[in-house]
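Chains as they are written, first to last, in the numbering used here: chain L, 2 to 260; chain S, 48 to 358.
Quick caveat, the hints were computed from the structure, so don't treat them as lab data. Be a bit skeptical, because a hint or two may be false.
[Said to hold, decoys possible] Straight-line distance between alpha carbons at most 20 angstroms, and here's what the computed DMTMM-like set of lysine to aspartate or glutamate pairs gives:
1. S/K82 to S/E267
2. L/K95 to S/E150
3. L/K95 to S/D137
4. L/K255 to S/D254
5. S/K233 to S/D254
6. L/K95 to S/E185
[What the hints assert, rightly or not] Some chain S residues judged to face chain L by a derived CB distance under 8 angstroms, without partners named:
7. S105
8. L143
9. R146
10. E147
11. Y155
12. Y230
[Stated by the list, open to error] Simulated restraints, written as ranges between beta carbons of each label pair:
13. L/L240 to S/R58: 46 to 54 angstroms
14. S/P106 to L/F81: 30 to 38 angstroms
15. L/T3 to S/M117: 19 to 27 angstroms
16. L/W16 to S/P80: 22 to 30 angstroms
17. L/G174 to S/T288: 54 to 62 angstroms
18. L/A40 to S/I136: 57 to 65 angstroms
19. L/T3 to S/D160: 13 to 21 angstroms
20. S/D157 to L/L240: 29 to 37 angstroms
Heads up, the beta-carbon is just placed ideally off N, CA and C, and yes, glycines get one too.
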Amino acid sequence: MTLAIASTRVFRRNWLVYRRLWHRSIAFGFLQPLMFLTAMGVGIGSLIGAQQQDAFGGFPYLHWLGPGLMSAMAMQTATFESTYPIMNKIMWGKNYEAMLSTPLSVRSLVGGELAWVAFRIGTLAAVFLLVLAAFGIVRSPLAVLAVPVAMLTGVAFSACLIAFTATQRNDVGFSAIFRFVVNPLFLFSGTFFPLSQLPDALQAVAWATPLFHAVELIRGLVLDSLDLATAPLHLAYLLVMAGIGAYLADRLLKRRMAG
Amino acid sequence: MSGPESLVHARGLTKRYANGFTAVDGVDFDVRPGKAFGFLGPNGAGKTSTMRMIACASPISDGTLRVIGMDPRTQGREIKAKLGVVPQIDNLDTELTVRENLEMYARYFDIPDNVARKRADELLEFVQLADRAKDQVEPLSGGMKRRLTIARALINEPELVILDEPTTGLDPQARHLLWERLYQLKRRGATLIITTHYMDEAEQLCDHLVVMDKAKIVAEGSPRQLIDQHATREVLELRFTDAARAGLNGQLEGLADRIEELPDRLLLYTADGERALEQVNARGIAIESALVRRATLEDVFLRLTGRTLVE
Numbered sequence: 002m003t004l005a006i007a008s009t010r011v012f013r014r015n016w017l018v019y020r021r022l023w024h025r026s027i028a029f030g031f032l033q034p035l036m037f038l039t040a041m042g043v044g045i046g047s048l049i050g051a052q053q054q055d056a057f058g059g060f061p062y063l064h065w066l067g068p069g070l071m072s073a074m075a076m077q078t079a080t081f082e083s084t085y086p087i088m089n090k091i092m093w094g095k096n097y098e099a100m101l102s103t104p105l106s107v108r109s110l111v112g113g114e115l116a117w118v119a120f121r122i123g124t125l126a127a128v129f130l131l132v133l134a135a136f137g138i139v140r141s142p143l144a145v146l147a148v149p150v151a152m153l154t155g156v157a158f159s160a161c162l163i164a165f166t167a168t169q170r171n172d173v174g175f176s177a178i179f180r181f182v183v184n185p186l187f188l189f190s191g192t193f194f195p196l197s198q199l200p201d202a203l204q205a206v207a208w209a210t211p212l213f214h215a216v217e218l219i220r221g222l223v224l225d226s227l228d229l230a231t232a233p234l235h236l237a238y239l240l241v242m243a244g245i246g247a248y249l250a251d252r253l254l255k256r257r258m259a260g
Numbered sequence: 048m049s050g051p052e053s054l055v056h057a058r059g060l061t062k063r064y065a066n067g068f069t070a071v072d073g074v075d076f077d078v079r080p081g082k083a084f085g086f087l088g089p090n091g092a093g094k095t096s097t098m099r100m101i102a103c104a105s106p107i108s109d110g111t112l113r114v115i116g117m118d119p120r121t122q123g124r125e126i127k128a129k130l131g132v133v134p135q136i137d138n139l140d141t142e143l144t145v146r147e148n149l150e151m152y153a154r155y156f157d158i159p160d161n162v163a164r165k166r167a168d169e170l171l172e173f174v175q176l177a178d179r180a181k182d183q184v185e186p187l188s189g190g191m192k193r194r195l196t197i198a199r200a201l202i203n204e205p206e207l208v209i210l211d212e213p214t215t216g217l218d219p220q221a222r223h224l225l226w227e228r229l230y231q232l233k234r235r236g237a238t239l240i241i242t243t244h245y246m247d248e249a250e251q252l253c254d255h256l257v258v259m260d261k262a263k264i265v266a267e268g269s270p271r272q273l274i275d276q277h278a279t280r281e282v283l284e285l286r287f288t289d290a291a292r293a294g295l296n297g298q299l300e301g302l303a304d305r306i307e308e309l310p311d312r313l314l315l316y317t318a319d320g321e322r323a324l325e326q327v328n329a330r331g332i333a334i335e336s337a338l339v340r341r342a343t344l345e346d347v348f349l350r351l352t353g354r355t356l357v358e
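Produce the complete structure using the sequences and hints provided.
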């Protein structure tokens with residue numbers, strides 16, 4: 002059994018559980034961007050006058066914000082999917098113990114879980130894009146490429162968080178992850194306001210963090226304003242993060258399961 | 048000698064954990080095909096660590112281990128394809144139904160869907176859960192979950208089934224049903240490895256036993272052989288009031304081959320328990336109660352380690 006085939010078995014197990022709940026997940030996938038775009042984009046955005054649009058690349062605030070929220074959704078979904086559910090499979094429900102009593106390898110578990118996160122975020126990103134289109138935010142057919150970028154963002158976060166979860170003995174660390182990693186990234190990655198508003202030092206920090214790169218790519222694709230000079234850099238960052246994350250997830254989960 | 052006659056062959060098998068604790072300390076054993084092989088010992092004796100090494104779930108620290116003629120260090124995946132594992136704590140997939148648990152597990156072994164469906168049907172019948180096939184796992188009783196775990200362990204038609212304390216925590220009725228199913232499994236020619244700290248379970252199920260204590264094997268043989276070697280045919284159990292026991296002063300001497308003093312009673316090991324009891328009465332020793340019974344593996348364990356199995 003090759004790694005790819007073995008990973009599809011792990012994927013299929015998640016699908017079996019999900020197919021009973023998929024409609025709920027999709028409905029939530031519509032509702033979430035709808036509420037955020039209405040509250041922040043329309044509600045707050047209408048207070049931001051046309052003369053301030055220069056700060057947002059010449060776009061109305063609602064348009065500028067939409068793709069940023071889509072990127073953040075990828076990060077948040079990946080984080081949630083890779084903390085409590087993975088901990089359950091390691092410790093509480095012992096799913097991995099059962100799965101590793103079969104010819105499945107730890108690598109195929111990681112492969113299957115990452116493929117699953119990619120699928121989940123792919124569907125949610127597609128839904129998000131439809132909502133953005135309904136708001137008249139999408140400006141280019143190339144915007145569909147924002148979906149694979151969101152998937153890559155999800156996989157990059159998920160891989161690192163599976164690695165983290167593999168080292169945890171209880172769920173205390175997860176609230177720290179949400180409080181001290183996910184929320185600051187959500188707020189300070191150019192999601193809600195341009196980084197140029199921050200002091201230089203903080204801008205440099207933002208450049209070093211992952212969500213910023215996802216936001217730049219997804220916003221560029223949706224608003225047809227991609228900076229082709231920096232885009233490869235953003236993409237490379239996410240690819241390297243996914244690669245390192247997957248390597249660590251495999252190593253650390255292997256160590257955990259053999260313990 | 049290992050050869051084709053030994054499904055599991057261990058020599059000097061050792062498990063040391065990173066914290067320096069030695070859970071298994073140089074044990075030797077051979078599991079013959081078609082037999083039920085038991086590891087009997089108290090909690091912490093090293094039974095589960097041994098099982099985890101056989102199941103390729105935990106790397107061996109030292110010694111030799113061959114499982115179905117293969118090396119767990121390099122052929123874990125090939126070995127696992129031929130093993131059925133029933134862990135001490137159920138790890139069923141609680142987000143799937145009873146039936147899905149079996150079919151999904153079959154997919155992990157790369158068993159085609161149509162074969163998986165057929166085997167799931169047969170196995171649900173075998174463990175008497177056919178009427179619960181569509182139910183979720185969570186509401187099942189402890190005994191039902193165990194039976195489902197056993198069915199799951201059989202989905203790949205394993206050459207060797209490993210059961211780690213299969214009936215711990217079950218009520219007597221559920222235990223007997225489980226024993227009966229395992230007995231049927233044995234009759235079909237399956238090779239079983241069972242760990243237990245219940246001597247009645249070991250006597251019921253195992254053809255061959257090793258007794259483990261403090262990471263080592265302290266005795267080996269069939270249940271009958273072990274009892275013959277390490278205990279007498281019968282045991283006379285005597286209970287006393289505290290005052291009477293304090294005043295015994297060796298009055299029981301010569302009445303038995305050996306006397307074991309437990310906190311709540313004395314055990315007199317003798318070929319004829321009734322005769323020993325007559326002599327106790329003839330000597331006018333004041334007893335609270337007396338019981339004559341056959342010697343069991345519990346007595347063997349007490350003899351070998353000076354402690355009782357379930358403390």
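Comparing the hints with the structure gives:
1. Between S/K82 and S/E267 the alpha-carbon distance is near 15 angstroms, which keeps this suggested pair within the 20 angstroms criterion.
2. For a cut-off of 20 angstroms, the pair hint linking L/K95 to S/E150 stands: about 18 angstroms separates their Cα positions.
3. The hinted pair formed by L/K95 and S/D137 meets the criterion: a straight-line CA distance of about 8 angstroms does not exceed 20 angstroms.
4. Between L/K255 and S/D254 the CA atoms are separated by roughly 36 angstroms; this puts the pair beyond 20 angstroms, and the hint is violated.
5. Proximity of S/K233 to S/D254 is assessed by CA-CA distance (about 10 angstroms); at most 20 angstroms being required, the pair is judged to hold.
6. The hinted pair formed by L/K95 and S/E185 meets the criterion: a straight-line CA distance of about 14 angstroms does not exceed 20 angstroms.
7. With a least beta-carbon distance of about 6 angstroms to chain L, the hint placing S/S105 at the interface is held under the 8 angstroms criterion.
8. Given hint, S/L143 at the interface with chain L, holds; its Cβ is 6 angstroms from that chain's nearest Cβ, closer than 8 angstroms.
9. Taken as an interface hint, S/R146 does not check out: its beta carbon lies about 11 angstroms from the nearest beta carbon of chain L, beyond 8 angstroms.
10. A cut of 8 angstroms between beta carbons decides the hint on S/E147: the least distance to chain L is about 6 angstroms, and the hint holds.
11. At its closest, the beta carbon of S/Y155 sits 4 angstroms from a beta carbon of chain L; the interface hint therefore holds under the 8 angstroms criterion.
12. Annotation: interface hint on S/Y230 violated; nearest CB of chain L at approximately 23 angstroms, more than 8 angstroms.
13. The supplied range of 46 to 54 angstroms is met by L/L240 and S/R58, whose beta-carbon atoms lie about 49 angstroms from each other.
14. Our hint of 30 to 38 angstroms for S/P106 and L/F81 holds, since their Cβ atoms are close to 33 angstroms apart.
15. For the pair L/T3 and S/M117, the beta carbons lie near 21 angstroms from each other, so the given range of 19 to 27 angstroms is met.
16. With their beta carbons about 39 angstroms apart, L/W16 and S/P80 fall outside the hinted range of 22 to 30 angstroms.
17. In this structure the supplied range 54 to 62 angstroms holds for L/G174 paired with S/T288, their Cβ-Cβ distance being about 58 angstroms.
18. The beta-carbon spacing between L/A40 and S/I136, approximately 46 angstroms, falls outside the hinted interval of 57 to 65 angstroms.
19. In this structure, L/T3 and S/D160 meet the distance hint of 13 to 21 angstroms, their C-beta atoms being roughly 18 angstroms apart.
20. Distance hint check for S/D157 and L/L240: the Cβ-Cβ separation is about 31 angstroms, which falls inside the suggested range of 29 to 37 angstroms.
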